[in-house]
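K.L.:
The sequence shown stops at residue 1568 when you use the working numbering, and every number in between is there.
For the record, the hints were derived by calculation from the structure and aren't laboratory data. Please read these numbers as outputs of a predicted model, since none were measured by experiment.
Below, computed lysine-lysine pairings styled on DSS-like, alpha-carbon distance capped at 27 Å: (1) Lys573 x Lys1018; (2) Lys1170 x Lys1153; (3) Lys1170 x Lys1204; (4) Lys1153 x Lys1193.
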Amino acid sequence: MDSSRVTRHSPAFSPLRELITQCDSLTVLIPACCTMRAKASDMHSKDCVKVAVRVRPFNKRERDAGSRCIVSMVSSSITIQDPRESQNRRSFCFDYAYWSHSGFAQDRSGLFVPEEPGGRYADQDSVFQDLGEGILENALQGYNATLLAYGQTGSGKSYSMVGYGPNKGLVPKLCERLFQAIRENQETRQCQVFFSMLEIYNEQVVDLLSRGSRTPGGLRVREEQQRGFYVEGLRTVPCESAPQVEQLMDQGTRTRTTAATHMNANSSRSHMLIILQLKQIFSKESITKQSNINLVDLAGSERQRSSGSEADRLKEGTAINLSLTTLGNVISSLADVAVGKKVVHIPYRDSVLTKLLQSALGGNSRTVMIATLSPADICYEESLSTLRYAERAKRIQNRAVVNESPTERLVKELKAENARLLQRLSRLGQEGRRANDETKELRQLLTHNELQIRAIQTLWEQHLQEALKDWEQQYANITQERRMMQMHPYILNINEDAQLSGVVKLFIQEGEWDIGLCDSSPRSISVKGLGIQERHAVFRNEQRRVTLTPLAGSKVIINGNTVSQTTELQHLDRLILGSNCTYLFIGYPSERGGDDWSRYDYDYFQSELAAAEGIHLGESSAGSSQTDPSLLAVFYDYIKLMPMVAEANQMSQELNKGVEFQLEIKNLALSDSKGHDLEKEIVVRVTTMGKKQVWMWSKVKFVNRKFLMEEVYQQHQIETSGENRVEGLSTAALPRDKDPFWDPVEPLLLGTAHLWLQSLAFRIPLEEQLERHTVLSFSPFRPLGEDDILIDPSELLGRRLDFQLVLEQCCGLRWIREARNRGVQIGFRLFDCRQSLYTPAVWHNVNPLLDHRVHFASLQTSQRLLDYLQSSAVVLELWGLQEGCTDLLSSLEGVRMTTEGVFIIEEAGSTDSGPVDSADLSCSVRALQHDLEELKSVNASLRKENHSLREQLNTARNGGESARGRSMRPSCDAEFARSLKVFYHSMTSVRGQLQRLRRHRPSEDSDLLGLRLFVDEQSRLLRGFSEQLEQSVSTLKQDVAAIVRRKRERSGIWS
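Given these sequences and hints, build the entire structure.
P.N.:
Listed below in structure tokens is the structure:
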């Protein structure tokens, strides 16, 4: 039948057809423009996004590391303190602020409550009363409502949103109160609730309630003018009670856990959206209100710390970070709009997440954001970033309207129209056959209208019946699982996201069971993930004893240790299969007792692995209030990156890339020219197994590359499985410049050595051997010119000072021993040189002869140069060269040289180079002048005393002490100079031994015996260092005492 003719005969049919379209298409997520009319009073109202901030307690890792609390809260104001600079504080003010860090206790039921009535601790009920009740009230009034949870991974987002055990979060409490409100108002309205749950990972939408297999590339996000952005094909399930919603959430969580394992996805980088569609039909008023409650758990917002000196040749911020990055851009743009700035474009369309949240941010919704943060000093950067993000979000203004439509009125009008059609049919029947054609058309219209009425009335019941069948099936499965838990041992999945832990239970029944990818055998346990073989290992459950036997080529770790032979499992043993499939073994019910396995979280697994590698998080500094936050942050990063490195190695192996990744701690025992420790950071050493090419990637670069590797790996999986290919290049045809496993080769910093310059201020020649990874043999700085040793360095002021650096040879270079096609260079900087100077490159030699000499001269020595010589060191950098990389060249920009090649480091009458604050400069000058005057005064007094002593000595000689006078002993000054020379030489040796002690570490592949030998060697070095230091100081004391005694004897003070 022609729809245009139907419209002409039935004016009410067009809006009804529109309504039916809405009812049938239950995939609308957050309509940006709703067809329902809005109340006039709401059309021009503006609602700012409400922002709440919640501070969680320390977690186990932070407690073990001795973390300090750097966040304070007064009312709704929060202050955060920089742990490195206590005077640097930032304050923020929000709509709500919740202190959940301290002041709580756990009752018998496991509920966390304030220690004292009326205490400052904010429990789950307090948060819900402020945030959840408001969201519920808005939804019942007909407004769209959105709750966003934002914060770094592990900051408490999932606890606030979902909760654990009896401490229920916002989502379950909101569902309970929603259905309670429905029951209380069932006499005045009929309510229908639909539930949807989806995940966005790597810009792909996954339906967590889907019954079928996962769609390659994810579900598509489409846009219609009336419906806005929506997810095509998203399943919506009707619910009649809170337990049904809870069951659906469990189902979605299980799907999310399984998908994360299969896709090698990191759940902390995914966004989860729960959508509750509430439809309220008011019969008396003939009005229908429809609200969307959107509960969004955003991905972890952790800031990536970077040195700022590198830019990855491949795109930064891959698809994995696109949604969160775009969300930040949208919030910033909307915040600018709110303060009156002109914004040309708001980038809603740049990511899947912002498309679906368009109405929640600046649109038709009342929105609340809860930002969660850790108060620990090691999380300062992430917590500060979260607070800044939340501060921008609170400026956003939405335009929320009540969504209502005259649904029942349309149905009544349609029924009235049907009655009129029946009357016309009756009259036409009496008029005879001349009206047969019109009668036929009217009957078709009548039938169609009746079908539409029936669809409206039966749609809810049909969906509800289907949902009840699914719910009954799931309830039967849960009952069966609980029975199995009381009969058999099993392994329990442990996930980085605590919300996803404990979801998957794999039961080990009597007999022999294969575990791996293969699921065709009736006696197999199917697991999927990186590094899992077809037949990975074998479980044997015999006589109530369970053993695990790894098969050839498979990787199995039990309690942090790799195993290759049959091992009997004990209750609460930790298993890691493949790269990073983590499980907790639960023994027979008789073995369990009242054990609480919650302490065996994901961090426990990774800390156990790190301990096996010799990395003990915070063990040495526990309880110390002076713990360096940067050191703790390094160990935190190390543990976080360990599973990612394992996964990257597995992907490299399966893709035949021949690349190996290894974690290292950069600057672990390195210091600057003043002896201050350099900031430590995690780097990833990347090595090609064939050509032995090496790169050093920062944490940021590695994380970026790892997600790109995942995209390549997933494309490879699709190609090998024969499924429809997604967009992108084939992994076989991937060009090298787009390969995330490859980089152009560059020079690498292999290590540094310090050459302290203190002896040069006394014109004492210095010869040392230094070592750092390799043995560096030098005969460095030799003063040129006068041979006299100075007692007072200030005698050099205003005079010329020449010295020469001689780099003779490097010995035993492991860098070149590993691959003969490599080379080395040494770089260094002295005093005010802005750029490093480098020796010529030497290739293919394990013991390269450098014979590099550099002559430096100060035409008029200043106090600043003397201070530099007495307190600083030249840092010698050993650079490794690889085939294909260019040599490092010395930059002579701004460097003055004579025609003889002498580097001038200080000219006559020169002042401090570079811009210096005038106030600081004047203060420094005054302080130096004061010090100089004091030194001159002391020097004058000493000269006067020396002159007096010489006169007394001459008098004594003339008085008859001819024997003593004729002895011609050396002067006290010469003796003192010799003693100083001996002392400085010995202290140079002591300093070298101290450097060796600081850098002495066990071999990476040391076993228990090797570690014992290392401890013995360390003890020997410590004893030697102590003895040598004590001997040097004792010798100096004895020499000085002897000089003083002889001087007094000569002066006649003692008889």
